[in-house]
Each structure stands twice: as structure tokens, then as C-alpha cells.
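If you read the sequences in order, they're chains F and Z.
Residue 0 is where the first sequence starts when you use numbering that gives the first Met the number 0, and the numbers rise one by one after that.
Residue 0 is where the second sequence starts when you use numbering that gives the first Met the number 0, and the numbers rise one by one after that.
Because the hints were derived from the structure by calculation, they are not lab data.
The C-beta atom is built at its ideal place from N, Cα and C for all residues, glycine as well.
Treat each hint with caution, since some may be false.
Stated by the list, open to error - In silico lysine-lysine, BS3-like type, Cα no more than 30 Å apart, as pairs:
no.	chain 1	residue 1	chain 2	residue 2
1	F	Lys1	Z	Lys15
2	Z	Lys116	F	Lys357
3	Z	Lys220	F	Lys1
4	Z	Lys73	F	Lys1
5	Z	Lys187	F	Lys357
6	F	Lys8	Z	Lys116
7	Z	Lys116	F	Lys1
8	F	Lys8	Z	Lys68
9	F	Lys8	Z	Lys73
10	F	Lys357	Z	Lys73
11	F	Lys42	F	Lys390
What the hints assert, rightly or not - The calculated label-pair distances, taken between Cβ atoms and stated as ranges, are:
no.	chain 1	residue 1	chain 2	residue 2	range
12	F	Gly415	Z	Gln26	58 to 68 Å
13	F	Lys1	Z	Ser70	22 to 32 Å
14	Z	Thr53	F	Ser11	50 to 60 Å
15	Z	Asn124	F	Leu406	40 to 50 Å
In case you want the letters, here they are:
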Amino acid sequence: MKLVTLAFKSISNRKASVLLTLFTIAVSVMLLLSIERVRQEAKQSFGSTISGTDLIVGARTGDIQLLLSSVFRIGHATNGLSWQSYQYIKQQKGVAWTIPISLGDSHKGFSVLGSDGNYFQFYRYGKKQSLTFSHGRPYHNAQEVVIGSEVAKQLHYLLGQKIVVAHGMGNTSFHNHDDNPLTIVGILEPTGTPVDKTLHVPLKAIELMHGPTHRVSTTAIVRNNDSHSHDEHEHHEHHEHLEHGHHDHNALESEPGDLIGEPTQLTAFLMGFDSPLYTLQVRRNINTYKPEALSAIMPGVTLRELWGMLDIVEKILMLFSAVVVLISLLGMLTTLLSSLSQRRRELAILRSVGARPKHIFALMCSEAVLITALGSLIGIAMFYLLILVSKGMLQAQFGIAISLSLLSDYELMLLGVIMVSGTVIGAIPAIRAYFYSLNDGMSIKV
Amino acid sequence: MIQISDLTFNWPGQSKPTLHINDLQIQQGERLFLHGPSGSGKSTLLGLLAGIQTPQQGSITILEQDLGKLSDAKRDKFRADHIGTIFQNFNLLPYLSPIENVLLGCNFSKRRVANLKRANISAQNQANLLLEQLGIDQTTRSRSVSELSIGQQQRVAAARAFIGQPELIIADEPTSALDADNRDIFIKQLFEQATHYQATILFVSHDASLAHLFDRQVSLKEINEVKQ
Chain F
0 MKLVTLAFKS ISNRKASVLL TLFTIAVSVM LLLSIERVRQ EAKQSFGSTI SGTDLIVGAR
60 TGDIQLLLSS VFRIGHATNG LSWQSYQYIK QQKGVAWTIP ISLGDSHKGF SVLGSDGNYF
120 QFYRYGKKQS LTFSHGRPYH NAQEVVIGSE VAKQLHYLLG QKIVVAHGMG NTSFHNHDDN
180 PLTIVGILEP TGTPVDKTLH VPLKAIELMH GPTHRVSTTA IVRNNDSHSH DEHEHHEHHE
240 HLEHGHHDHN ALESEPGDLI GEPTQLTAFL MGFDSPLYTL QVRRNINTYK PEALSAIMPG
300 VTLRELWGML DIVEKILMLF SAVVVLISLL GMLTTLLSSL SQRRRELAIL RSVGARPKHI
360 FALMCSEAVL ITALGSLIGI AMFYLLILVS KGMLQAQFGI AISLSLLSDY ELMLLGVIMV
420 SGTVIGAIPA IRAYFYSLND GMSIKV
Chain Z
0 MIQISDLTFN WPGQSKPTLH INDLQIQQGE RLFLHGPSGS GKSTLLGLLA GIQTPQQGSI
60 TILEQDLGKL SDAKRDKFRA DHIGTIFQNF NLLPYLSPIE NVLLGCNFSK RRVANLKRAN
120 ISAQNQANLL LEQLGIDQTT RSRSVSELSI GQQQRVAAAR AFIGQPELII ADEPTSALDA
180 DNRDIFIKQL FEQATHYQAT ILFVSHDASL AHLFDRQVSL KEINEVKQ
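Chain Z on its own, in the form it takes in the complex:
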């Protein structure tokens, strides 16, 4: 699924590289917990995986596609097609309704739209279905985004990440603004959806206490050869 080898990344203008990873592999359908305290190069690694930045050395291969060999525009398209993202918080565009926020997930991807078509479901219905599965009821769906609780917002963001069946879900500290109960429910729901849609989950957090919920855990501190 994901294959990182001999990767070096250097932010422009910095003498020392931020990230150097010899080898990291993630299997299809795996739920990986990436433990990364702040300053461990976590954002940099996510930027590289999403194809926003490109490494100076080494390669990142996702779904047999070497990101380094793609043009900027192709990498943007690749991200739109294959990767769903959930951020820490404030994931949603405040001027769109929850449904519109979910639909935004297939706004820039023809592939996701095609996936929905193949599954014989309209984007609107799929958005409603995902929100239903994630526990956002009808009345909440018609509310304005700013009226939703953070837990509800994160679930809407999760629905957006899943719509159109991307293969990889990257979750960047999605639970850090949630209390313990909500956090566990959210992760449980995330896993249910991942199973249902056969998605791989890369879950990044500084909170090591969540690690036991996952198939495997990797510490970025340990695999990053550049010592901070």
C-alpha cells in the first residue's frame, strides 16, 4: 500500500534535513498508529504522503505509484482520488452545510464520482448514508456547521474523507479536541467505516495511550534518522 524507502526531506533554506526514513511499509487494510510528538517531523511526513511536498532523495510509493514521478498537478489529482484527510479540528468549511462539506470530498475527483456511480448510489445519498453510519442524525445534518459540536464536526469530516471510497485515510490528530468517551467512539466508528469501505488508516497522534486500539504502531521518533 505505502512504501517509503531511503527518504530524505529538507525544507528549503535549512541546512539540516527534517526527515530521513530508511524504510516504512504499510499494508493494504492496515490500521497504523503513527506516534509523533510535536517536532518529530510529523507534518512534514504527512505533506510528503499527500504529495504537497516532494522528497529530495528516496521515494514514496502509494498504490504502486511513485509520487516523485508525478507532476504537481498529477499529485494533486492523485491525492483527490486516493486519499481522504481528517484534520485535528475545524475541518469543515463554515459556509457549507454538513452535507455540502461531505460532497466536497468528491468535488475535485472524477474517480470518486465514478466509484459512486459503480456502486450505483448518488453522491447525495452516499453522503447521507455515511453521516447516518457515523451517527449524525437528520436534524443535525440540516444545521449550520458552526452549531455542531466538535465531535459532530469530526464525524462530518470523516464522512468527507470516506466518500467515493479512497484507499487511504490519513487522520492527523483527529481526536485531540475530543474527550475520552467521544474519542473512543470516534475511533470505533472510523474503524467500522474503514472495514466497510476497505480503506487503510494512517492515524497520527502524539497521544500514545491510543496505540493499543490499532493493528500496529510506529514511532516516528524511532524511524526518523534525523535526531531533533
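Here chain F stands alone, though its shape is the one from the complex:
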């Protein structure tokens, strides 16, 4: 019989205490892997929310605050920027496209984003993927709305349905604008980004919602109607193409209308350039723009700043889960040590049949290794079970897409560290057993 077999039979004889130890190790391994996985995937998820955008421009505020409010819909931008400034900056040299963004309204807890047709044409996420429609098409006029996949899923909205969008961010609102219902004309494919939880409306729809009281004098507003109508035309053709072959084709037929209206303010806008060379130049111009205090940020750079800030939180989380693993291994040490005094007879019997102290040492060590390995395996199984169960919830609540993929090298490395620690800790009772067996020999104590 091999020593490992002997060790295995020995621990299966002490089921109650060993099972508890296995359980604590399994839970700690599950915790460590889960925290690690969520951390990685959250980072990835966050990082892939926006791509292809060179600059985000908003009223002067902190870089991270601007990024969070404009892209992640976290927090509010306290100030907006004026429509004139947007029109002016748009004309800068090298600007390929701009996407105006107006936030601040909500519908049943989902945020409402006002923009124009550029949004569907130029917005990119993940690996420069553009938004695609699972049903329908982009909006054509101020009475239409395009909803994200989560909005459709959670509110059970269907194409063609009419909804009312409220003013303000709350779930319940004091003044609902029942007079301005919007028709759902498009549902986007899931992206794993805040887009899924957003209702997209034309800027003009936002304006209509807020009514004439919110409108400031329009005389000062300079509009570039020519270039705009040109854009719209292009989009229209694009939409026709998308729409083609859809079964709801006829039901959603509508007249193209004004998407912009006469806005005075925007929350922010996204910019893309013909060449990255223009980015810094334009950024400088915006930051020193005289008529209004503006901020322009490069999303990639600001994201890195954000990681820098979250770094300490990540480290603390890792530290805690490492401590939990350590405690579980110390629990194993306690179990092995306390059983040791009851097992001196067993050691004496083994010695009498010729086991050497080194055999006793190996036997005790392999018990620790077996418990750690078995605990880790159960922990991995529990980890996958947990992902399977909480996957949907994480996606819906936090927009974090967790994949059921194989363990990464880093995760395997963590497991390796646990195994080594388990073995090292197991050496402590093994060393004691070694000396017991040297001193007691075959004489049975206890």
C-alpha cells in the first residue's frame, strides 16, 4: 500500500473534522477566485465601454467625473456646455465626427440619452465594434426612441410600443409628460456596456419633454443646418438598409423629422479625429477656450487614472481574500495538530511494522496536501457554480459580463500558491509527528 493511499484512508476515517476543513478551504478558494475573476472582468468591462473616441468634451470638471457621467452614467454633470461652443468646436480642423450627448432624464430608473443620428453611426465600444440593432432601426424623428437590450428585457418592451419619458433621474417623477409619448422603433443588441441600460432619443425629444419654459432665447443659437441635413440624409439611407427585411417594416414606417430641435445645452460630446495628431492640438484649444470653461479628456488616459484610484481598493480586496485563505489553512493546521495527539498510537503501530520517521513525515504531509488539493478542487467547482448562478445578476445590475472560461494562468498561479502554502503548513504537524515517532518509538503513549 502506498503512503498516499494510507493517508487517504486515514483522513477519510476522520470525516467530520476533515469535511469541515475541506469546506472552509473550498469556500476560501471560491472567494479568492470569484473576487479575482470579477476584478478582472470588471476592468475589462469598464475598459471596453468606449473605444474609438479620441476626446470627450464637457463643462469644466474633474476628468474622471466627466468620464463617469458621460460614458458610465455614474453621477451627474453639474453643468452643461452651450450649443454654440459645440458648434464652434465641431468646426475645428481634423474633426471627423462628433456625437452630442444630453443626459439627465430617466425612464423607470434607466437613463435617457439625447443625441442625433451620429450616435448610431460613430459610437464604438469593445474592440471598435459599432452598435447593431437586434430589432428595428435608429430614430427618424422626435417621437421615436431606441432602447438598449436590458431596458427591453427588464421592462418587457416591444417594438412599436409607446412610452413616456420623465424629466429628472428618479424612478418616480413629479411631472410626467404624458403629452409626449415616444414610439419604440429600435432595440439594440446587448453590448455589456451602459448602452444596454439606456433609452436613446433625439435631442429634440428632450427639448419637447422639458417644454417651452426650459427654452432660452433661440436667437443666439447658430445652427449649421446645411451640414446637418446632409448628415441626416446619409443616416436615413443607412437606416433603410438596416430595416430592410424586418417583419415590422410597415408598422414602423415614419417620416424623417428634425432630430436636433433648438437645444441650448449639452451634457457633453464625443469627438473623433481624422488623425490622432489633431487630438492634442484640439484638446489644448478646448481647454483654453475663452467663451466658456470646458474640459476635454482622452478616455483611455482617464480610464487609467481611474484604475490608479481603484488600485488600492483592489489590493485591499485581494488582501482580504488572501487572509481568508490563510485562516482556512490555519484551520487545517489546528485540525491536524489536535488529531495528532490521538494518533500517537497509530504512529507507534506504523513504526512497529517498520515505518521510518521519514515515512511518518511523508504520511502527515500528504494528508495536508490531499486536504488542500481536495478543498481547492471543491472550491473551483463552487466558483464555477457561483458564476453560473450570479452571471445574469452581475450583467443586469453592474453590466459586468463574467465568462465561464477556463482558469487563467494567473488564477492557476493563485491555486499553486495555495497548494504550496498548504504543504508548508502541513509540514508543521508532520515535523511534530516525526519527533513523536522518534521518541515514542513503538511504546504506545496515551
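Assemble chain Z onto chain F, guided by the hints.
Frame of chain F, contents of chain Z only:
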């Protein structure tokens, strides 16, 4: 078979030696009763014979091999190869079946395995045969160790001591937990096996009433020069 001369043993940290034996000889095939009440240095002598401890002075020779000249590892191997041991009680590992407990006897000894091979019998068959001879039937063999009576456990331990034909069987109070009937049956079976496998028996007990069953009796109190 066993030759002890001028032996002195001192536990570390004790000023007075525990054991001093001038001369003790045990012949091949002999069944020796060693009478040793507690405190007479009985455990110490058994530890020395098994090669767990080494004497400060003098020598112990078993089968022409001076134990003092062997390294620790060699002495462990020597014990595994040549000596079978039966303890007072709780002789068995509770997590192994009776058969596995018997097989444990040749787990650490290549020589015992080789002996079985020479006798042309598998370890498994030999274990079953020994248990059969010692009166452990088929159904008892498949039970868990904790379900066996103490008498049955002692017989399993005896089978473990005999497997692979070691030359010397050391029995340390194997019958003290048995009642009189079981005790006599056990000793009788022990002798049968010893005859069959040509083993020498060193039987240690505090119960002098068993002495008449043996070829010879030695009182440890008398041969130990250190007076307690």
C-alpha cells in the same frame, strides 16, 4: 538468536541508568516468557530490541547482527524485515480493513515480500491463510476493525506479525485485555503459528501465571542489575 551482553541504557536527562543486563541469550525457536511488572524497564528493553533506542554500553545482537553497528534507517529496516510485534491492545489501524492491517506487515519490508514470493504465495492469500489459521472467518475479515472483539483484533495483529515470516515475534502483554479462556486459546494459536513458521517468541507480561505455558521464563527484575 538474541544475545545481550553487558548492556546499559540510560534515558537522556536521567542520572541513573534504567537498564543494566549482563547477559541474556535466547535460542532460535525458543518460546521465552519475560516476566516484567511495570517499572521493571520492560518497555525500555523492548525499545532496545526493536532498535528504536540504542544502548550507551554493551551490545544487542539479533541474528548475528549487532544492532549498535547499524544506522537508524538500517535498524528500522532490520525491524521491518525480522521482527513482528503484537501490542497489548488497539493494535490495528482503525481505518484499514482486517486484511489491509495484516498486509501492512509487509508494507515496509522488501524481505518479507520476497519471503512470500519464495513460498509462492501472494500477500493477499497469505493474509487470508493466516487469518484462517488464527480462527478469523471470512465474514469477520470483511468487517470494520472497530466491530471486532478485542480477541479478534489481537489475532489480526498476530497475523500481521507473522506475515512474511519474520524470525522473531515480540508480544508485549498481548493477552492482558483478554479473559482467561480467550487468553489460553490465543497463546495456543500463537505457538502453532510459531512452530509452523519457525519463529522465536519473546512474550512479555506482568502476569506470572502464564509462565508455565512457555519453554523458559526469565524475570526482568532479576536480570536487571539496576534496582528500582
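Assess, step by step, whether the Cα of lysine 116 of chain Z is no farther than 30 Å from the Cα of lysine 1 of chain F, and give holds or violated.
19 Å, holds
Could you tell me whether the CB distance from lysine 1 of chain F to serine 70 of chain Z stays inside 22 to 32 Å?
25 Å, holds
Lysine 187 of chain Z and lysine 357 of chain F: Cα distance at most 30 Å?
The given pair, whose Cα atoms are some 37 Å apart, is violated under the 30 Å limit.
Range hint 40 to 50 Å: satisfied by the CB atoms of asparagine 124 of chain Z and leucine 406 of chain F?
47 Å, holds
Checking one constraint from the list: CA of lysine 220 of chain Z to CA of lysine 1 of chain F, max 30 Å. Satisfied?
42 Å, violated
Need the status of pair lysine 42 of chain F, lysine 390 of chain F: alpha-carbon distance at most 30 Å?
16 Å, holds
Pair hint lysine 357 of chain F and lysine 73 of chain Z, alpha-carbon separation not exceeding 30 Å
13 Å, holds
Starting from lysine 8 of chain F, check that the Cα of lysine 73 of chain Z is at most 30 Å away, please.
28 Å, holds
Measure nothing beyond the straight line between the CA atoms of lysine 8 of chain F and lysine 116 of chain Z; if it is 30 Å or shorter, mark the hint as holding.
27 Å, holds
Does lysine 1 of chain F sit within 30 Å of lysine 73 of chain Z, going by the straight-line distance between their CA atoms?
Judged against 30 Å, a Cα distance of about 21 Å means the pair holds.
Is the Cα-Cα distance between lysine 8 of chain F and lysine 68 of chain Z 30 Å or less?
36 Å, violated
Can the suggested window of 58 to 68 Å be confirmed for the beta-carbon pair glycine 415 of chain F and glutamine 26 of chain Z?
Given about 59 Å between the Cβ atoms, the range holds.
Violated hints, listed in ascending order, are 1, 3, 5, 8, 14; each of the other numbered hints is respected by the structure.
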